Amino acid sequence: MFTTPAKASLAMIHPAGIDLESSFTNAMQGLGLSPQVAHILWLPLPMAIVLVAAVVGVLVTVWLERKISAAAQQRIGPEYAGALGILQPMADGLKLLVKEDVIPARADGLLFTLGPVLVLVPVILSWLIVPFGQNLLISNVGIGIFLWIALSSIQPIGLLMSGYASNNKYSLLGGLRAAAQSISYEIPLALAVLAVVMMSNSLSTVDIVDQQNGAGLLSWNIWRQPVGFLIFWICALAECERLPFDLPEAEEELVAGYQTEYAGMKFALFYLGSYINLVLSALLVSVLYLGGWGFPIPVEWLAGWMGQSIDAPLVQVITASIGIVMTILKTYLLVFLAILLRWTTPRVRIDQLLDLGWKFLLPISLVNLLFTAALKLAFPIAFGG
Amino acid sequence: MTIAASTELICFALLGSVVIFGSLGVVLLSNIVYSAFLLGGVFMAVAGLYLLLNASFVAAAQVLVYVGAVNVLILFAIMLVNKKEDLIPIKGLRIRKLLSGGICAGLLALLIRVDITTPWSLPGPVPIGEEATVRIGEHLFTDYLLPFELASILLLMAMIGAIVLARRDVLGADIGTGDPVDQGLIEKTNTPLLIDKSST
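Taken in order, these protein sequences are the chains called Y and F. Under my numbering, the residues of the first sequence are numbered 4 to 388, in order. Under my numbering, the residues of the second sequence are numbered 139 to 338, in order.
Treat the hints as calculated values from the structure; they're not laboratory data. What you are looking at is a predicted structure, and each value in this text was computed from that prediction instead of being measured. Watch out, some of these pointers could steer you wrong.
[Said to hold, decoys possible] Selected chain Y positions facing chain F (in silico; Cβ < 8 Å): (1) ILE43; (2) GLY145; (3) ILE146; (4) PHE149; (5) LEU150; (6) ILE152; (7) ALA153; (8) ILE157; (9) PRO159; (10) ILE160; (11) MET164; (12) TYR167; (13) LEU179; (14) ALA182; (15) ILE186; (16) LEU206.
Built from N, CA and C at the ideal position, the CB exists for glycine as well.
One chain only, chain Y, in its complex shape (with noise of 0.2 Å):
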């Protein structure tokens, strides 16, 4: 019942695979329950999977981040809390969870509760798209990558509502500085998007993923779109306010920019989102440029060699195991890239901020794009024509 290949349903084109929510339905069917009901108990289900996917991705992150970055200074960093200090994130967590929710005597009460909301919720929205596998992602929706671009535009306005709700100088500032620098990233990220969508001919994450995996590691598109791949990198870490460009909560300026005066769970909010969203980031510059969950050698070649079936179901449930553990890898190497960045760089000043985004990354990001099209109408082969 597991790896019963999926029903060859309208929307799917590779009839081979696991696919869960038909086997689910089958089940559940097989029950006695109309498959409208069984579709309604089936839809929570990979729903709270990813929330909760995205939730321990965040802890590893938090203790690799304590770890790495007392390697980089020469301390030990959490030690005592579990093996390897391995709880600390928990701790941190549990004790967030606890703290008094103070809500300052000034402030806005309404929309200093809905800012860190805002922030929150589309990032998390945004692990729709993300694909573990060939049927493993909540939804194939049509317009994938653009419906990631598109929430990411909404995080601005939970800053702007957190900065100004704070009734304070330092939270304004912090948030109109998240808020510039987010939308002025955000131009050349979805030129540099733009590129590979043109290369693969879809907007959905599977499809850009599947048009990667035709020759295992030579077929990414690091390489044919090296130069997009950095652009995608810097305007992520900048989307994240991660270090070097973390100028919305500089603290040596801003004491600790829009969330100064937020404490508690609220606190943690921001907190969970900012670290979700630096997963998700690496997530996608494995989806758009590592080839997701591929394996460098492609698993229909080993598979062949092995005198194995592709579609045998033994071999189904290895190959979506390995498609997992690939995207995990490519996605905490990148992690790791990130918190090796923010130890070892220092903070850029905002007009050196807003330089490198207007007057550099979007000029390079939009000859990126032309150049890409050129190629795709000179070499259709390599380039996906």
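Fit chain F to the supplied structure of chain Y, relying on the hints for placement.
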């Protein structure tokens, strides 16, 4: 009624009420910041309506352009000129409010009449769903090419206009009247706020 249809109906009622009450709030609230945030909510609800109509690309574009760009810029402008001052009371404010309220009610009545009397073709054209992205692209590069390019030229003009208005020091004299430009403004634009003086 199937579950899908009733869900759709509930969503429509919810989104519709958010649009109506949100836009009333945008107009009627006295706090301009609340109005701006509510406007964002109204834009989101409109995007939700597009989603209900199976136009996912338009919905995402609505969120990206109206919420992500237009509304954020409005908020930005409000927060940069966040002066705490009371507005000077205008004479005959009550009569003005009544007049504008009456005109709006008249417009609403007109629209409702049009809505009732027009023979709508129901059901409308079949939504093409995911293929809409491709279809929009084809239209933009064939029969809608000229309007598309004209719109982009209009935006370019607005942008150049904004730059000219903001940086009058480039010109020296006012374009419209020919008078020398207000020196105070020039000094403001020339003072480096963030860049250190040695580099300029």
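Going through the hints against the structure:
1. ILE43: Cβ of ILE43/Y sits 7 Å from chain F, so the hint holds.
2. GLY145: Where the cut-off is 8 Å and the nearest Cβ of chain F is about 3 Å from GLY145/Y, the hint holds.
3. ILE146: holds (5 Å)
4. PHE149: At about 5 Å, which falls below the 8 Å cut-off, the nearest Cβ of chain F leaves the hint on PHE149/Y intact, so it holds.
5. LEU150: holds (5 Å)
6. ILE152: holds (6 Å)
7. ALA153: holds (4 Å)
8. ILE157: With Cβ-Cβ at 6 Å, under 8 Å, it holds.
9. PRO159: Hint on PRO159/Y: holds, closest Cβ of chain F at ~5 Å, below 8 Å.
10. ILE160: At 5 Å from the nearest chain F Cβ, ILE160/Y passes the 8 Å test, so the hint holds.
11. MET164: With a closest approach of 6 Å, the MET164/Y hint holds.
12. TYR167: Holds - the Cβ of TYR167/Y comes within 8 Å of chain F, reaching about 6 Å at its closest.
13. LEU179: holds (6 Å)
14. ALA182: Check passed: Cβ of ALA182/Y comes within 6 Å of chain F, closer than 8 Å.
15. ILE186: holds (6 Å)
16. LEU206: Where the cut-off is 8 Å and the nearest Cβ of chain F is about 7 Å from LEU206/Y, the hint holds.
In this structure, every one of the numbered hints holds.
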